[in-house]
Amino acid sequence: MNFHVMLTSSHETSFNFVVLLRANSKMKQQRNACRSCRLKECIKVGMNPRAVQGDIDTASTSSASPNLVSVEMHPYTNFREVECQTEVSTISSHPTSPSTLPFVSSGSSICSVSSSCSSVSTVYSNCLAMLPPNPSLPKYDYLLASLSRIFERVDEHAPEPLPNTYSFEHAFYNPHLICNRTKLTPTGERIATLPEVLQDFRRIFVLFTDVLSILPEFSRLDESDRMVLAKSRFSFFYWWLTCCWTAKVGCPGVCYANGAYHPSDKRQQAFPDVKGVTELSVETVSKPLANINITDAEMLVGSVFAIFYEYPLPPKVSYASTHILNEARDLYTQCMITVSPYSQLEAKSASRLAEISLIFSSITNLKYLTSDNIELSDVLHVMEVDQLITEAFDVHRPME
1 MNFHVMLTSS HETSFNFVVL LRANSKMKQQ RNACRSCRLK ECIKVGMNPR
51 AVQGDIDTAS TSSASPNLVS VEMHPYTNFR EVECQTEVST ISSHPTSPST
101 LPFVSSGSSI CSVSSSCSSV STVYSNCLAM LPPNPSLPKY DYLLASLSRI
151 FERVDEHAPE PLPNTYSFEH AFYNPHLICN RTKLTPTGER IATLPEVLQD
201 FRRIFVLFTD VLSILPEFSR LDESDRMVLA KSRFSFFYWW LTCCWTAKVG
251 CPGVCYANGA YHPSDKRQQA FPDVKGVTEL SVETVSKPLA NINITDAEML
301 VGSVFAIFYE YPLPPKVSYA STHILNEARD LYTQCMITVS PYSQLEAKSA
351 SRLAEISLIF SSITNLKYLT SDNIELSDVL HVMEVDQLIT EAFDVHRPME
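Heads up: the sequence shown begins at 1 in the UniProt record's numbering, then just goes up one per residue.
These aren't lab readings, by the way, just hints derived from the structure by calculation.
Here are the simulated lysine-lysine pairs, DSS-like style, with alpha carbons at most 25 Å apart: (1) Lys248 - Lys183; (2) Lys139 - Lys348; (3) Lys316 - Lys231; (4) Lys287 - Lys367; (5) Lys316 - Lys367.
Use the sequences and the hints to build the structure in full.
Rendered as structure tokens:
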């Protein structure tokens, strides 16, 4: 009996293994010959080969079961774990680029590829669509590099667009009609004039469209849901950036992208801040960001985190889009942790993320007060409020 148990254990162990691959690993694995050979060995020791393999005798089971290769990929590392249940003849020692991997659509995470020893191989893959073109570059580094390029982008020798009013959707897909991509200079050197207040809004709107254009989650949304998301999240994106700039510069007001700032002192304001949004933003958002010494990397990744942070709360989108947004929120939450200066210290990085999340609650308050401010300015004819501003800040204009 003991001899039989030993044989059983030994034989079963030889049929089940896990291969751990790293990017620079030079390892090849080959499974025990063919199915008939395994059958012979099992018969010799009096074992049931189906019990060893875990096969289920059903009508759907073919005579030669397909190879199942489970691939789990983390977006921040090159580590891959591959668990094989049947023959894998050779595993390449070189990292595989995403372009050579089977594409995983948003509707399914299962792809079928051909195999030399069976008709079908089923590959379960996570985050393949999210991987950067260079597999040796971690996801967050690729995201940072892409965002840095967008924030540094400048339109050279482009004619200034003519003043006009556009809907949010038309402006979103045609940002060249709104504002040229001028160099971002958040220095807070001078008090902003009214034209500079409007120019800052337009410049950040164009920046917002550029950031969304590189996010794969946004492109996977239903077309109607894209605009729902963009309209609902622009003000969060706007206030996150302006408050981060204010925290870094330390000017007495809201720092703009054009070198100016909107002062907290109402006597110096070109745009009347009836609701006191400027002072509130400094006290509840900019100062807390300054206290935690927000880094440039956190500011850049935070601009994306601001877009997905609110979910799964409103606005209402389709079920498929909700699933995509939930996954995006989890992904960029992890990105925020990864770019944290305390990323190696779990407790500190979690505490820092909690502080930043609380700051977003204050930005929610700023969003609604900004809408009220713009509405009052429109009523008092202080500033011409066009359709784009109305939709971007969710302004409820009075009936004319």
